[in-house]
Every structure is written in structure tokens, then in C-alpha cells.
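Listed below, chain by chain, are the residues.
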Amino acid sequence: MRITQQSISIQVKEGLQQAFRRVTQAQEMVTSGRRINRFSDDPLGAARASGLRSFEATVNQYEKNINNTLPFMEQADSTLKDVLDGLNRSKELAVQLANGTYTAVDRQSAAKEVRQIFLHVLGLANTKVGDRFLFGGFKNGAAPFSATATGAAYQGDNGEINVQTGVASVIPINLLGNQVFQGAGVVGGVEVLDVISDLEKLLAGNVGPHTLGLAVNFDSSLAAGAGFSAPNAVGSEATPATWLGEANFSTTATLFDSLGQAHDVRFLFAKTAANTFKYRVVADSNEITGGTPGDLYQVASEGTLVFNAGGTLNVGASTVTDITMNGLVNGAANITINAADLNFNGSTESTQPSAVLSLMQSDTGGFNIAMGRLDAAMDQIDTFRAEAGARLNSAQGAKDAAGVMKDRAAGLRSQIEDADTLAVYSDFTRYQQAFEAALKSAAQVLQPSLLDFLR
Amino acid sequence: MGLLSTFSLASQSLRALQMAIQTTGHNVANAATPGFARQRVEVQTAFPSFEGGVYLGQGVNVTGVRSVLDHFVEAELLTLNGSVGYAEAEQRALAGVSDAFPTSGGVDASLSAFFGALSDLSNNPSGLAERVSLTGKAKALGESFARTREVLTSLQGNLDQDLESFAKRVNVLASQIATLNHQINSTETANQPANDFRDQRQTLLQEIVNLTGASVREESDGQATVIADGLLLVSADRSASLDTSQVDPLTGFRMITYNTPEGLSFDASSIFQGGQIGATLNMRNVEVQGYIDRLDQLAKTLVDEVNQQHALGFDLTGAAGGSFFTPIVSVTGAASAIQVDNAVAADPRLIAAAGSAGGVPGDNANALALVNLQSTAFAALGGMTLNDNFLALAGDVGARGQDTEGKFNFQKDLLTQTQARRESVSGVNTDEEMTNLLLFQRSFEASSRMIVATNEMYQSLIDMVR
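Chains as they are written, first to last, in the numbering used here: chain A, 403 to 857; chain B, 20 to 485.
There's no promise every hint is true.
Stated by the list, open to error - Among chain A residues calculated to face chain B with C-beta under 7 angstroms, some are:
(1) ARG404
(2) GLY453
(3) ASN564
In short, the hints are calculated from the structure, not lab data. We put the CB at the ideal spot given by N, CA and C, even for glycine.
Chain B with its partners taken away, still in its complex shape (with noise of 0.2 angstroms):
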């Protein structure tokens, strides 16, 4: 036991000090960073020493910085984001939906007002104004059919598009993973704790899950493996990459090309199923696509329907009905198509109002028998009249949205849960901090008094000597 062990406690205690209020700053300075975990200076008593037969106290001892964490709460994070991430992607494609179906003014309106019109041609079938006003409702309706088509359409385009941001945004993310696995390594090979680098990791995977839905498993030596479907994106330093440069020649669509770090490559478009990108493919595949067919059955249907039976008539001029909409063939781009026939635009008196040629220009039965069609169940629409089906279309496409977002606020919710819950074990309390420092600072003060006092007290051996 001698003064300069004394003087060494001090100064090691000093530096312990030092640190805390370092680690103190660090917490507070990042008290806003996502992602950051507060941290904490790890010390213990320093091994005391035998001494004129007693265990002597000899300081603190500064054994690392280590973070706050609760593991189980931020592998629940990791898998909520995947969950969120899918019915936020959802939630906002159905809400693009609904804006194809108004409540008022929509396809069913523009119905009523065809067949409204229709009905007063069979009011005044020789009348050339009911004519004109019938052929300016049909035309309307098919400008409604092709606006709800396009409303679907240019929203299916905006997912695809959807499709090529997040793939970069994968691509970044996977190989910023790929680069802080190498540092985090690295560091903790070194014995030091790299604990900034994996919070910045962690908001890192947090992001790519929500993205991909993937599964993360951390290797024990500290590097994060990301696995999406069964695809690699991440292990250890190496990352994979998604290109959506090429179009399948089939939808007009971009396809998912997956590449390996390796080099390899293959179509992975059906493989995601997870986070935003699987709930974005499947929207746009599968779930916009069917809204598109049925409302393009619904406009077949329509257009096949008032054909046939103005076919079945005789017009103005007495002869024999044409066709009143321009036939349509295919199904498919059908509610884009709906158009008056050219003949018909172009001379009202075409349309077949007569039910015989003979009663040519007083006979109004085709009249009324395509008023009928309007309260006309179809097979081809599933034994539903035109009207109830849209509705029913409608009807669907708004208790999905309820459902999407019922079920994103619910994962939303659990999320802001478990963010509190991380944010109750890790988060930054400034008064927590303040008083820690408060109390680092005045030990501070008070080691810095024994460097005074062991100073003095050696200055007083000097003195005795001399």
C-alpha cells in the first residue's frame, strides 16, 4: 500500500467518471435516433489487494459499454414489421380501389340513367330528341365503365411501379445489412462491443422485413442471415439483388428477377409472399386484376345483351336492328370498349325502337323489351341483373377495404405496442440522464478532491523530509 496506489484509484476512477459522462452525452445526443438503445458504462469494484492483513479496496474498474436490450421484444419487432408491412401495402391499394366506387354518380348511376332514357324512347319511340338523348346516355355509360376501368388500371400501374422502388430499396438495405455484418464482426472478434452498429442494423432489418416479410437469424458469430420465401438476401457480408427491369411479355407487368451474390438469376415473381412486396404482387396479380375481370364481364354482358336484343327490332326506317354498342369480343379490356356503334351515332333513327316493321314509327315493343333487360338476372353475371351485380361489386370492393384496414390498424396498434414496450427497456429517459450525470459529476468532483488531498498528503511527506 503506498500513496501512488491511492493516486492511481483516483485517477482510475477519474477515468471511469469520464466515461459514464461520455456514455451520458451519447444517450442524450441520440435520445432521437431511431433505432438507438441507451447504453450503459459497465463497471465493477476492482480485485482488492491483501494488505497488512486486510482486503484493501482498490477502485472501480471500467469493463465495457454495453446496450439496454430486450432480445425477445426486438425479434417481435423484426416479425410484426413483416405483418404491418403487408396490410399497410394493402390497406393503400383498396383505398386506390374504393376511388373506382363512389358512393353516388358511379357506374350504377349512369345504368339507370341508360335505361331511363330507353324508357322514355319507349314513351315516344318516332321521337328524334328521346334518340339523340339515348345515344348521349349510352355514350356516358361507356365513359363511366372506362373511367372505373382506368381508375383500376392506372392503380395497378402505380404498384407496379410500387414493385421497382422497393426492390431498390431492398437492394440498399440488403447490402448496408451485408456491410455493418462484416463491421459487427469484426469489432466483436475484437472483444469490443459494436453496439451502435447494431442498433443501425437493427432499424436496418426492421425495414428490409417490412418490406420482404423475410425471416432473420442471427449466426453466432453476430451476423444477421435474411431469408425472404427461401431466398437469400443476406448471409454474413454477402447480399443478393432484385432487378425489375424485365416485363413479362404475358400481363405487360415487371417481373421480380432475383440474383444471387453469386451471379445467379431467376424469375422470383411468385415467390414473395410477405411485407409489402408479396401484398403488392398479390394485389396486383390477383386481387385488382379480379375487379378488372368482373367489371369487364359486367360490360360483355351489357354490351352482349342490349345487342341481341335491338337486333331483335326494326328501326325508323323499318328495317331490321343492327347492333346499338359496337360488338365487343373479348372479355377482357371489355369496360374500356363500350361504345354506341358508329351507324347508330351517327343517325339516331338506326335504333331499333319497333318491335315489328310494320309498326315502324309508333310500335314501341323493343322499346320496352330492352327497358326489360335492366331488371333482367344473368347467368353470365352470376343470376344477377346489371345493377346488382356492380353493387355487389362495389359492395366487395368496400368490405375488403374495411377489412384491410381494420386489420392494419390492429397490426399497427400491436406494433406502437411493442415499440413502447422496446422503448420502456431501451429508450433515452433525458431525466434519467441528467441525474446519472448529476451523480457522475459530483463523484467526479469528489475523486478529483482525493487527487488534491493524496497531493497534498505527499507534499507533507516532502516537507517532513526536508
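Pulled out of the complex, with its shape left as it was, chain A reads as follows (with noise of 0.2 angstroms):
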């Protein structure tokens, strides 16, 4: 083959481009530390480092979602702590002052303990963290809890607060107001807070008679009636329709068994004659085993009231029975009010029927009762407490996989896109050294010529 000075020049160009090309590759690779500066570089590498940097990005965010609520998550723990020694030292107290030895006097003082019991763990119930509060649900703008006369009452909702951990799993981070502080939903739930108010009412002495007082409105243009029709047998249910239409009128009142737990009983009573009414004492429904909600159920006893001209009960002509009721719902205690208990007294024309409700048990009763309802509002509590921390061990275990799924996709991507530092070196070096050698090789081909010896 005929080499001339233009293809020498063309070839040394080429090759010189080329080697230097080499050269300006392995030198980017070097600067940057990566194999992958362009996606037309390695194409499926590039995009598949790029998926992994989303990938990383995501799971990142997903490790300060987590970051975020533990705080959050610590502090119910820690609040719950709070609440529990707060019953803790209000049993404490119920325990000491069931002793006869205490004086009424021992009792308001220790009554004054518990309202601030009280107060501090209303104020635990309406922790906030950050600008959101621990117990409230998604209605974070105001406080869950408001104190009433027999409690507190609940404001909040039942928003459940998710948090995203993974792509498909979301945790739960907050634990609601109404559930572990008021059992709603919750079997043998109680209120927390009406619980340790109850007691303090006990403490301070705010208990009545134990008896129940009633009035009837004898109302003289009322026509009398045969009373109540059938079915009529203690213990068969009827339609409320039916009881209340009967009745001429009715009043409802609010009963405690020996566990502390209220029930509703309502009391109906027909005029069969002036100053003479029939009566019957039926449940709510709700209260009895397999009742069926909104029915009246009839429980436990009828009787005939006659009053004397001035409203006193003339107890010879009256028969008052006692009121038993059974088969009570989440077996409750029994009730049992002796008619000796009931105080039919001061009935007028003017006056509504209208009831007047106390605790049924003797003093010590009542604190024992207060004591089982404080263990029930502890064990409550421990429940909640126990759920925190298991939502919180969940989260610090996503938070851990989280970070290993971190790592792991840095080091596929490091892996894929990422310079092998010491062979992009060294193939720099010899790309480098390939060039010099080219570019001397080039220079000592061009220079002769025949014309260098021709003198």
C-alpha cells in the first residue's frame, strides 16, 4: 500500500483524536468518581441508579416520618406513666381513708389531694406535642378534655393519625382520648377521670341518704284509668309504646351497683284513682342482657301508691315492694333497692315526678367500690400504655429497617454507578501514558522527509 504525508497526517489525527478522547473519559471519571456521567453512558445503569436515589430519597423520608412522631410516641408513654401514678396515689388514699379511724375532717383534706389528683391527670389528658394534642384525635385545635361536675367530658374525635413507614404500611401514632380515658369501646371500660372525681366526692363527703326519693304530680284534671294492661308480668318485655303510653308519666334515675357501675331505671306511674297511682320500675333495654336497645324492659316490681291529702304516703294502704333487677349487662352485680328505701314523700299537684338518686352501698362500700373502679381505670390505662409502647417498638423497628434499606440501595447505586477509583486511575494513567506515546510517535513519523537530505 502507497502511504503519502496526508494519510500519515490523517492517521496520526485519528489516533491522536482517539487517544486523547480516551484520555478526557478516564479523566471526567476520575474528577467526578462516577462511571455514569450521562445516561447515554450506560443507560439502564444510569436509569437504574436514578430509580435507586428515588428509592433512597423515599425511604429517607420515610426514616423522618418516624424521626418525627417518636417524640410524639415517647411522650403518651411517658404521660400514661404519669396518669397511672396519679390513680396510684389516689387508691393509695382511698385504701387509708376506708379506715374508720379517719375522721370526716381527715377525709376533706385527703378529698382536696384528690382534686388535684384530678386536675393533674386532666392535664396529662390534654398533653400537646408541638402545636397537637396527645388525646384528641385529629381535633387538635382545642383541648380533648374539659372538666364537668361529674368528670370531664370528651371534645375530640376518633381520627387515627398515620404516619407512612413503607410504601404500603402505615403506623398508627396516636391513641384516642374516649378510648383510654373514658373506655369507650373498650370491654369493662370505665371513666378515668370520673373515677377519681367520684372518689373525691366520696372523700369530701358529697354522699346522701341512701335512699331515693320520689315525687308524684298528682294532677287533678288527669282522669283515672285502670292502670297498666298486660302484659304485665315481671320479667316480660314489652314496646315502649305501650308502657309509655299507659303511663301518665315517668321519671328516670340513675343507679350504682356494688361495682360502681350505673344503670338507668325508670319509674312509670298510671292514676287509677284521685291520689292513688299504680307504679312500675322498668330498666333501659340497654342495660339488660339481650335487650333489645330503646325497649323498655320490665324489671323488677309494681306497686300502688296512696297518698294522703297533704302527699304523704299512707303507707297501710300503699303496697312499695323492693326493686330487684337481674341479668344486668357485662355481669354487673344485682341490684336490690329496699322499699324501705324508697321515699315516696312530698308528692304535690304542682310537682313533675322527679327522682333523687345516692349511692346505695354503706360508707365502706362505697370506698370499695371506688377501689375497684380505680383498678379498672389502672388496668385501662396499662392496656394503652402497653399499645404505645408496642407502636413505638414498630416504629423504631421500621426506622431500623428503614436505615438498612437506606444503606443497602447507596451501596447498589455506589455499586452500579459509581468508579471503581483504582482501575479508573490506573486506566487513566495508561490512557495518559498511551497519548504521550502517540503524540512522540507522531512527531519523530512527520518530521523526515527526503528533502532533509537533499543538500
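Since each chain sits alone in its own frame, please combine them into the complex, following the hints.
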């Protein structure tokens, strides 16, 4: 093959160009530390590396999410521990003061302490982390609990705050106040704040006589009827329309059983003659095992009330019987009200039927009930504390998993797109040497010419 | 036979050698001229005369000056130039497209940041800072989309611009080729070699083939006919021209109007397939447009899906969510139209993070549902998630870039090799020319010596007579 200066020049240019391109490419890898600097370097690898980078960002976000919620969950745990401490102290006081040696003054001062415990627990129930209430559900604009005459009312909702910890996994981070503190949806649940409040009242002596006072409206314009029609057998059920329709008036009272659980009882009155009434005692069917909600259940007793003109009960003419309620829900104890404790005195023509209720137990019995309810409250708080702990664990587990995933993705991405520094650097040196060699040889090939020797 | 004939033999020899030296000079002078083929003076022994019972040599005759050419290689070079042109334009355009898809910090990174901000919002749905940060990230996402699309559309604009300069260059080349056709024809009709005209024309032909991918045919009269995809560009001494002054009202791109030498004209935009023009047309109309369409589809899906989910939620004021992004009606241009809805941008409380009106402000259900869009596959994106769809697009661009670069390098290498082959036949080797020059110089001296000798012989004769 004939070789000309031009062909040497083309060849040298081409070769130098190629050698220099290789040097530049290797140099780019050395300086950027990356094997892939643009998508066309390795389309598949670049797409995978970018995918992994997004994945890392997502997992990072999960980690961030969890980190954000950890204080919230930890706070729930320590708050519930404080609530338990309050309940424990309440129970101590109850145990101590149930002892008959303590005077009413001692109890009054203990009541004050229990009041403080109540306020403390109320404060704990309204704990705020950041700008969010621990136990308010979604309603974090206002405190979820407010004090009432009987304890506390819940203003939050049932909102479960979820936090994303994985592509398809979320964990709820909040405990709902109405469950934790009011026992909503909890088997045998108690209203913790009400329990404390009741204890305070018990200690303060805010306990009336153990009688049920009732007043009846005589209303002379009311026509006398035959009283209640069948079914009137004790223990049988009837539709509320019948019962309410036949009654001339009614009143509702709340009674506590020996475990301290409240039950609604309704007294129905039907006029049979002037100053003469038939009465019946029924329980709200919600309270009866197997009862249909909304229906009334004839529970206990009926009798005849004959009043004197002044409104006092003509005891001799009346048949006032004991009230016994059986079959109450949730294994509650039976309630018995002695006939002697039913007080129908004071009925007049102007007064509507009303009931004045008191605890049905003796003083010692009241403390026993209070202690039982405090135990139930502590169990309830403990259960939720355990749940908070379990959630904290799972959040921490998710965080660790996210950390591992992130590291693994980063490692994989580095494998794909990062340059092997040693290899790249040795390549770079090699290419550079090749380039220098090409330059030297080109200089030698291009230089000599016949003209050099024609002198 | 006589001394006179010896004289004429010597002078003829001097003339031939002078021509050879002149040609050597021409070769050396054009050693670096592109397209130049070395020339040789063709000589042959003169017809001998029969004198005194013997055939006596009559010296040398110059029969012509010939270019040393391999016609097969020349034809191959022409064809190769078309493929190289196509590959070059394609590779150049794709290198531009690649700029729109950096390996980090592109749309994928903005998507991650946007969904990250949504996740932050889900952690604290009532936080104003999180809301402001989200609108900021959404704005950045829109800008990222718009920037990517801008790179692609401006590339399309550049390709459009390229077509204008290509067309102008084709016009210049075609008319020059036509002129050279005429000169070659008239020179060769006069029985003279048109070596240098042919060399020039070959260079121009290579360039026009590079631009149009045209095929070249040499007619029997030596004139070249150039036809690109059925369009006659040069025939004998007449040339057609291309005009790019008209704009297609539908696409907004230049049309290529073909004007025949006779003055007829029609739109030939869809006719060119080869060379740089064919590749540029294809890139502008099909490939880059395809990437833009895919990006638009992605943008439209993002806006639609986010808005749809956003409208299911409730904002901080307890009202049902409106649009998060300004709704986009048409897919075309969607990537440059992503904007946070004016109302939301002005009042970030309108971001609907809550899943129910009653749950405000702590409810984060809708924020979580929005975050979930990140990992949702959409039918409109071929069953891919937003991020995967973008990466598929970037990956395709990368693969095409790699592919076209490989093709271009291959074609270029092929061209370089073929050029080397041409060079080995037609190139000037100055050492060779110098050697020839020495040979011619010595011969010239010898022939001169002949004249001196003959002259002396004449002198002796004349002296004899005196």
C-alpha cells in the first residue's frame, strides 16, 4: 500500500483524537468519581441508579417521618405513666381513708389532694406535643377534655393519625382520649376522670342518704284509669309505646351497682283514682343482657301508691315492694333497692315526677367500689400504655429497617454508578501514557522527509 | 536521419520533462488540498522512423496529464458521506437531548422532593411551614418540568434553524456542481483532461451527499446527475434549489420547498430521508417531538392525579379541596404549564391535607393519599409510576444516544478507512515527488547536454566546410 504524508497525517490525527478522547473520558471519571456521567454512558445503569436514588429519598423520608413521630409516641408513654402514678396515689388514699379511724376532716383534706390529682390527670389528658394534643384525635385545635360536674367530657374525635413508614405501610401514632380515659369501645371500660372525681366526692362526703326520693304529680284534671294493662308479668318485655302510652308520667334515675357501674332505671306512674297511682319500675333495655336497645324492660316490681291529701304516702294503703334488677349487662352485680329506702313523700299536684338518687351502699362499701373502679381504671391505662409501647417498638423497628434499606440502596447505587477509583486511575494513567507515546511517535513519523537529506 | 531530427528529439524531451516538472510542482503544491488527486504526465516513446534499414527511436511524446484515481473508492466515498451525514446529525441532536436528562438533579429529583414535602405535611397537617414548603417544592417541580421541556423545544428550534442553513448550502453546492459539469463537459469535448475540475466537483459532490444522502450518477458525457430521494438536484448544467422561508402553520416549523430548474415548486418536507437533512427532519418531527409528547403526558398525568386526589380532601378551613395545580386541559404543552393553583399559592391553608371536614386540623388522611400517588402505577403512563415513567424516558434517550454515537463512530471510521484507501491511491507523497523531481531534473540536464552535443556537431560540420 502506498503511504502518503496526507495518509500519515489523517492517521495521526485520528489516532491522537481517539487517544485524547479516552484520556478525557478517564479524566472525567477520575474527577467525578462516577462511572456514569450521563444517561448515554450506560442507559440501563443510569436509569437503575436514578431509580435507586429516588428510592433512597423515599426511604429517607420514611425515616424522617418516624423520627418526627417518635417524640409524640414517647410522650404518650410517659404521660400514661404519670396518669398511672395519679391513679395509684388515689388508690392509696382510698385504701387509707376507708379505715374507720379517720375523721371527716381527714377525708376532707384527702379530698383536696384527690382534687389536685384529678386536675393533674386532666392536664395529662390534655398533653400537647408541638401543636398537637396527644389524645384529641384529629381535633387538635382545642383541648380534648374539659372538666364537668361528674368528671370530664371528651371534645376530640375518633381520628387516627397515620404516618407512612413504608410504601404500603402506615402506623397509627395517636391513642384516642375517649378510649384511654373514657373506656369507649373497651370491654369493662371505665371513665378514669369520673372515677377520680367520684372518689373526691366520696371523700368530701358529698354522699346523700341511701334512699331514693321520688315525687309524684297528682294533677286533679287527669282522668283516672285502670292502671297498666298486660303484659305486666314481672320479667316480661313490652314495647315502649305501650308502656309510655299507658303511663301518665315517668322519671328516670341512675343507680350504681356494687361495682360502681351506673344503670338507668325508669319509674312509670299511672293514675287509677284521685291520689292513687300504680307504679312500675323498668330498666332501659340497654342495661339488660339480650335486651333490644330502645325497648323498655319490665324488671322489677309494681305496686300501688295511695297518698294522703298532704302528699305523704299512706303507708298502710300502699304496696311498695323491693326492686330487684337481674340480668344486667357485662356481668354487673344485681341491684336491690329495699322498699324501705324508696321515699315517695312530698308529692304534690304541681311537681313533676322526679327522682333524687344516691349511692346504694354503706360508706365502707363506697370505698370498696371506688377502689374497684380505680383498679379497673389502672388496668385500662396500663393496657393502652402497653399499646403505646408496642407502637413505639414497631416504629423503631421500621426506622431501623429504613436505615438498612437506605444503606443497601446506596451501596447498590454506588456499585452501579461509582467508578472503581483504583481501576479508573490506572486506566487514566495508561491512556495518558498511550497518548504521550502517540504524540512522540507522531512527531518522529512526521518529521523526516527526503528534503532533509537533499543538501 | 539528420542532425535536425536529433535537435528536435532533444527539444521534445526537454518539453516533456518540463511538463513533468511542472506537474510535480502542481502535485507538491496541492499535497494538502482536499479532494486533490495526484497527476501524472503520460508519456510514450515516439513512433520510430525507418532509416538505413533500422527503426530508429524518435524520442518521447507527451500524450496527456492524468489524475491517478480509483473510481470504485470514489463512488464508495460518495455513498459513505450520505450515511455519515445522517449519523452525524442524529448523534449531534441526541447529544442535545441528553442535556435535558441529567443523571442527577432532573425531574426525578424534583418529584422526590415534592412527595417528600407532601410526606412532611402528613406528619404535621396543621403546620403552615410544611404547607409553604410544599407549594415551594411544587413550584420547583413545575419549573423542573418546564426547564426540561424548554431544552427539548429549543433543540427542536435549533434543528429547524439547521435545516435553513443546510438548504442554503445545498443550493450553493448544486449550482457550483452544475457550473463544474458544464466546464468538465466543454473541456473534455475539446479532448482535454478536466482533472482539476473533476477533483473540485468530487469534493462538492461529497458535501451535497453528506447533506442530502443523494445518489450521484455520472453520465456518458462526464456530467454528474444528483438525485436525492427522487428529487433531481443537479442535471447537467442546471440545478434545483431548496427554499425554507415558508412555515408550516400547524407545527410552526420550516417547510422545505423544492424549486425545479424549470421554476415549478412544491413542498418536499416529507420527502428527504437521507443525509443530514433527512436525519434533522426526522429528529425534529418525530424523535424529539416524541420525547416532548411523553414528557407532556407525564406532566398532565401528575397534575390530573394530584388534583383529583386533592379535591377529595379538606383544607384547613374545613372546606372541600379545590385544585392543587392549575388544571391542564390539553396534553400538548402540559410540561411547561405546571403551576400551583393561584388560590393555593396565595393561601397555603387551602391545601387539602384532611380526609374529612370534621377531622380538621389534625387529619392527615388526604396528605397520605397524595403521598401514595408516588407509588401508584397509572394506565396513562403505560402502567408505570410517575418516577419510573420519567426514568424510562431518560433511559430511552440515553440508549438512543449510546446507539447513535456508536453508529456515528462506526460510519466515521469506515469513512476514514475509505479516505485512507483513496489517499493511498491518489494522495501526494512529497518524497516520491522529490525523487521524481530529481529524476526529471537529471534527465533535463542530460537532454540539455544532448542539445549542446548536437550543437557542437553542427559546429564541426560548419568548420569542416570552411
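Does the CB of ARG404 of chain A sit less than 7 angstroms away from some CB of chain B?
holds, 5 angstroms
Restraint satisfaction for GLY453 of chain A [CB to CB of chain B, less than 7 angstroms]:
holds, 6 angstroms
Does the interface hint hold: is ASN564 of chain A within less than 7 angstroms of chain B, judged Cβ to Cβ?
holds, 6 angstroms
The structure agrees with every numbered hint stated previously.
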